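Please take these sequences and the hints and turn them into a complete structure.
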Amino acid sequence: MKWSVKETASVLSVFAVLVVGTLSGPSQVYAEEKGAGSAQGSWTLVSIYNEQDGKKTDVFGPNPRGSLILTPGGSFSYVLMRASLPKFASNARLKGTAEENQAVVEGALAYFGRYSMVGNKEITLHVEGSTFPNWDGQDQRRLITVNGDEMKMVNSTPSIGGGTNHIILKRAK
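Numbers in my numbering are just positions in the sequence shown, counted from 1, shifted up by 33.
Treat the hints as calculated values from the structure; they're not laboratory data.
Note that the structure is a prediction, hence the values are computed from the model and not measured.
Treat the hints loosely; a few may be bogus.
Cβ pair distances, simulated, as ranges [as the list claims (entries may be wrong)]:
no.	residue 1	residue 2	range
1	L176	R147	15 to 21 Å
2	N180	N124	41 to 47 Å
3	E139	N180	30 to 36 Å
4	V138	E183	27 to 33 Å
5	V138	E84	20 to 26 Å
6	K120	S149	22 to 28 Å
7	R174	K128	35 to 41 Å
8	N180	S110	29 to 35 Å
9	K120	Q171	27 to 33 Å
10	A131	K206	35 to 41 Å
11	T90	R126	25 to 31 Å
12	R174	S80	17 to 23 Å
13	N180	A131	42 to 48 Å
The beta-carbon is built from N, C-alpha and C at its ideal position, and this holds for glycine as well.
Below is the structure:
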């Protein structure tokens, strides 16, 4: 039997819908069963500080910027940065001076990957890629508390090499 282009396209469309439905459905149910429901969504950074030996330090300076996105399917993307980073005099990302490059490395952190929840109090970020390459392929555990539109996160293994980071995020509108 020879199918027309229209019939082939119809069959492929139905197949694509079935595949997408099969792949996305269980992931969302699994995430909800594991307690991720209240944490899922888009979040905006409010504050982040590091506490070490009784001293608090603003990791990304005053008024940091950033976002955390947790999808129902278990993917995440996290970006943190200073309120302002220096513009490169060359206007070319690959031609920054040593000082410009250092300011960006110290003032920004981004990573992405998959996440899993343990109840609704702990999240493990399975880092696939990061601007801090030591985290690539690593699992990063965070304690979280979600109260309405606010998430508090505690990171006992921060990229700065010590202390504990305390992060507050608000649900993006």
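To see whether the hints hold, each was checked on the structure:
no., hint, in the structure
1, L176 with R147: 15 to 21 Å, "holds (19 Å)"
2, N180 with N124: 41 to 47 Å, "holds (43 Å)"
3, E139 with N180: 30 to 36 Å, "holds (31 Å)"
4, V138 with E183: 27 to 33 Å, "holds (30 Å)"
5, V138 with E84: 20 to 26 Å, "holds (22 Å)"
6, K120 with S149: 22 to 28 Å, "violated (38 Å)"
7, R174 with K128: 35 to 41 Å, "holds (38 Å)"
8, N180 with S110: 29 to 35 Å, "violated (23 Å)"
9, K120 with Q171: 27 to 33 Å, "holds (32 Å)"
10, A131 with K206: 35 to 41 Å, "holds (40 Å)"
11, T90 with R126: 25 to 31 Å, "holds (28 Å)"
12, R174 with S80: 17 to 23 Å, "holds (21 Å)"
13, N180 with A131: 42 to 48 Å, "holds (43 Å)"
This entry does not satisfy hints 6, 8, going by the numbered hints stated previously.
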